[in-house]
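Colleague: Going down the list, the sequences are from chains A and B.
Numbers -14 to 307, taken from our numbering, label the letters of the first sequence in order.
Numbers -14 to 307, taken from our numbering, label the letters of the second sequence in order.
Rather than coming from a laboratory, the hints here were simulated on the basis of the structure.
From a predicted model like this one, the values you see are computed outputs, not experimental measurements.
Worth double-checking, as some hints may not be accurate.
Since the list gives no way to pick one copy over another, a pair counts as held whenever it fits inside one copy or between any two copies.
[Stated by the list, open to error] The calculated lysine to aspartate or glutamate pairs, modelled on DMTMM-like cross-linking and capped at a C-alpha distance of 25 Å, are:
hint	residue 1	residue 2
1	K79	D42
2	K101	D269
3	K281	E133
4	K106	D269
5	K79	E192
6	K101	E228
7	K293	D215
8	K47	E67
9	K306	E294
10	K123	D39
11	K123	E156
12	K226	D269
Each chain, letter by letter, is given below.
2 protein chains.
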Amino acid sequence: MNILITGITGFAGSHLAECIISLYPEHQVFGTKRYRTKMDNISPSTLEDITWIDDCDLTDFKAVLKCIKASKPDRIFHLSAESFVPTSWSNPTKVVSNNVVSQINLFEAVREVFGKQDASKVRIQIAGSSEEYGLVHKHEVPITETNELRPLSPYAVSKIAQDFLGKQYYETYGMHIVRTRAFNHTGARRGDVFVCSTFAKQIVEIEKGLRSVLRVGNLEAVRDFTDVRDMVRAYWLALEKGEAGDVYNIGSGMGYTMEAILEILTEDFPYTIEQDVTRMRPSDVPILVCDATKFKDKTGWNTQIELKETLQWLLDYWRDKI
Amino acid sequence: MNILITGITGFAGSHLAECIISLYPEHQVFGTKRYRTKMDNISPSTLEDITWIDDCDLTDFKAVLKCIKASKPDRIFHLSAESFVPTSWSNPTKVVSNNVVSQINLFEAVREVFGKQDASKVRIQIAGSSEEYGLVHKHEVPITETNELRPLSPYAVSKIAQDFLGKQYYETYGMHIVRTRAFNHTGARRGDVFVCSTFAKQIVEIEKGLRSVLRVGNLEAVRDFTDVRDMVRAYWLALEKGEAGDVYNIGSGMGYTMEAILEILTEDFPYTIEQDVTRMRPSDVPILVCDATKFKDKTGWNTQIELKETLQWLLDYWRDKI
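Please build the complete structure, drawing on both the sequences and the hints.
Modeller: As structure tokens, then:
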């Protein structure tokens, strides 16, 4: 099969590529990149295993059309997005329009290249997010797919729009679109603007004498963290076994406060910790814990890696890098 | 008060402007227009009563900022949008990004001009649509605000995104945003691409010997039509009496098939009617009937004009025009 991954140079994308290349070497993996895309997440051997679609800005339909013509994908994992919540407060139109337009271009290019009959044979995964649920009440946890959506950032709204567009293109054209709502996931290569990774990076900097204080945001927020390797396995299964048009929550089902995460990472070593208001969000989601029963029942997926191991991996990643 | 109406040269916008000018002459009405905006809907006297913000493309933040600085609005009715469903199949990125970006620009310009303290004093109405409900099952009719959203067009998804953005800016910044979900509305000046208006226009063309056949699309669809004058009164009340952050369905509660509408318009005159596949949609909403109880209870609104009178007004509009 031809597998197209958008956002392949990103966090989840690079892990998904490695997962497919190692488990299913018979498939050909295509990846989009743009002029000036950072390639830090792609190892030299992975670089060679991927067929690159260069200069492919997904907001440009001409470029997306060329990409679909070149890759003729059987599967598309659409992971490319502006994915950092705070950016969506400072750059709201950019984040929302980028995420929405990129996805429409992808759908329309598939319709254009494959035609009415064959467009529905291409299986497309849409990467939604637990941020879509937003303001969740304590009695609603763990969260199922039918929970009300109460987004608290323009990013979250962009993911809701992507989610509904996926559903709508399925209803309108019968396309095989599977929507996943991933809860938080982490591991090596996670950008240092994301919470576990910024904690781990600062700890390593303190270990190496490069800083003295660990700066944190809201430590009371509860999140459900899955190892990114478990997450990308779930994405694969979503297209192999998920129902077209359907939506699935993906996450471990275990909620941790940021404080508990910090305790695992620091192993009770007494770091000097300071709360930094610039790391607090204008509106924050207090608690997000996943009920992935629907997805587990459909695909047989479960997490295989414990959080402690994931965080250790993340620390080692920063120890290598700094 | 200063009242800003975006989309004031459009169908609902022009009627809202006239409604405010005649009922509340003490208020100053501001309206945005662009280079080349068609002014057909604005009568010479209304033209003089409105303070025009020229050259204001809402997708351009600089222009929107200038508009908010110039109008210093106490109320904003945000009616500007790409509003024709079929256009969103042929031009999906344009429709979705236009509607989403315009609204974010408006919110952000209000935040910028009024500042943290005063931004929440500006009351903003967001014009959502019954299309957000999309695929409605018969047992769900009439539709309340808690009905599941199952959009069937990119236009519908754009309205969902606008709706959730309104909610999110309320949650994040405490802005006074009221979301309305208008069911179908019609009357004089309705564009001839909309169903009642295309029926009425063709009937008048047949009366005048300019055509012989009345071409129609899907006559089985059931819709809830409200007179546009009742609708714009509802918009006004939404900001005077509606709850910030809340969402309200607005519609008469009466469902008519397109065939029944046609019968009222033709008064049983035996026109030659032909079904035209190009007027059928790739995915259509079979039935939309509004439950406006929440809005009526909150504001005391009810419809005052009967559909027969509205359709007569629409026919007379075309008789004048053709």
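Colleague: Against this structure, judge whether each hint is valid.
Modeller: Evaluated hints:
no.: 1; hint: K79 with D42; verdict: both (14 Å within a copy, 17 Å between copies)
no.: 2; hint: K101 with D269; verdict: between (43 Å within a copy, 18 Å between copies)
no.: 3; hint: K281 with E133; verdict: both (21 Å within a copy, 24 Å between copies)
no.: 4; hint: K106 with D269; verdict: between (39 Å within a copy, 23 Å between copies)
no.: 5; hint: K79 with E192; verdict: neither (38 Å within a copy, 51 Å between copies)
no.: 6; hint: K101 with E228; verdict: within (20 Å within a copy, 46 Å between copies)
no.: 7; hint: K293 with D215; verdict: within (14 Å within a copy, 61 Å between copies)
no.: 8; hint: K47 with E67; verdict: both (20 Å within a copy, 23 Å between copies)
no.: 9; hint: K306 with E294; verdict: within (18 Å within a copy, 74 Å between copies)
no.: 10; hint: K123 with D39; verdict: neither (46 Å within a copy, 49 Å between copies)
no.: 11; hint: K123 with E156; verdict: between (33 Å within a copy, 18 Å between copies)
no.: 12; hint: K226 with D269; verdict: neither (34 Å within a copy, 29 Å between copies)
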